[in-house]
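Take the given structure of chain A and dock chain B to it, following the hints.
What follows is the residue order along each chain.
There are 2 protein chains.
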Amino acid sequence: MARIDELNKVLRALQSGTPDIEASALISEDGLIIASALPQHIEEVRVAGMSSTLLSLGMRAATELGRGSIEQVMIRGETGYALMVTAAPGTLLLVLATKAARLGLIFLDVGRTVELIKKIL
Amino acid sequence: MARIDELNKVLRALQSGTPDIEASALISEDGLIIASALPQHIEEVRVAGMSSTLLSLGMRAATELGRGSIEQVMIRGETGYALMVTAAPGTLLLVLATKAARLGLIFLDVGRTVELIKKIL
Chain A
4 MARIDELNKV LRALQSGTPD IEASALISED GLIIASALPQ HIEEVRVAGM
54 SSTLLSLGMR AATELGRGSI EQVMIRGETG YALMVTAAPG TLLLVLATKA
104 ARLGLIFLDV GRTVELIKKI L
Chain B
4 MARIDELNKV LRALQSGTPD IEASALISED GLIIASALPQ HIEEVRVAGM
54 SSTLLSLGMR AATELGRGSI EQVMIRGETG YALMVTAAPG TLLLVLATKA
104 ARLGLIFLDV GRTVELIKKI L
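Listed in order, the protein sequences are those of chains A and B. According to the working numbering, the first sequence is numbered sequentially starting from 4. According to the working numbering, the second sequence is numbered sequentially starting from 4.
One chain only, chain A, in its complex shape:
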């Protein structure tokens, strides 16, 4: 199986295993989509660019605030969560979850998905 197909499969499995996860995408550090399972109304290019900008600003903030090298940026909005985690070197995993999501469970599943991604890339 091509690596892209394997990555897409891993993302789909993450979403089907946790119904509160609505969307996910693997994005390169420079803001390009590598694999994705995003709903149609979300504009991939903008989302990818924004996620990589947020992670890189988060990286500077983490260092500046003495929190060490960055592992995750989480945004909580009124209607849900957006999670950006560092995946294989040079990549980040973006996950969108509903407000009803159990954060502990999401962190666990996302962590496992990151391990799978590291094996594929």
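In case anyone wonders, no lab produced these hints; they're calculated from the structure. You may find that some hints are simply not true.
[As the list claims (entries may be wrong)] The calculated lysine-lysine pairs, modelled on BS3-like cross-linking and capped at a C-alpha distance of 30 Å, are:
| hint | chain 1 | residue 1 | chain 2 | residue 2 |
| --- | --- | --- | --- | --- |
| 1 | A | Lys121 | A | Lys102 |
| 2 | A | Lys102 | B | Lys121 |
| 3 | A | Lys121 | B | Lys102 |
| 4 | B | Lys12 | A | Lys121 |
Chain B in isolation, oriented as in the chain A frame:
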């Protein structure tokens, strides 16, 4: 008691009640410190500017990603957490916690502190 003194008291109480919280600051939307309980090695002006930039970028990302209006940005680094939450209108509360922190407890205490801040401002 002057409002600034009240705010400083609330921030000190947050930190003394939860030992894993190392520092906190109330920052205006435009990146100026209103009250703070930050360690000396942290450069207030830079930290305040960076926090407000992160929250405003988070705000755009939350809208773009369909997560509604922003409530919180959390950064997890290798050695701890940085949390930025919207407090009274036009302000944000920055909280730095160690890696050992129980996130559930931190969210609870920070939420209560935000309520106190809203009453003061």
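Discussion item. For a C-alpha distance cap of 30 Å, please report whether A:Lys121 and A:Lys102 respect it.
Written reply: holds, 28 Å
Discussion item. Hinted pair, alpha-carbon criterion (30 Å max): B:Lys12, A:Lys121. Please report holds or violated.
Written reply: Judged against 30 Å, a Cα distance of about 46 Å means the pair is violated.
Worksheet item: Does the alpha-carbon distance linking A:Lys121 and B:Lys102 stay inside the 30 Å limit?
Response: Holds, at about 24 Å.
Worksheet item: Holds or violated: A:Lys102 with B:Lys121, Cα cutoff 30 Å?
Response: holds, 24 Å
Hint 4 from the earlier list is the only one contradicted by this structure; the remaining hints agree with it.
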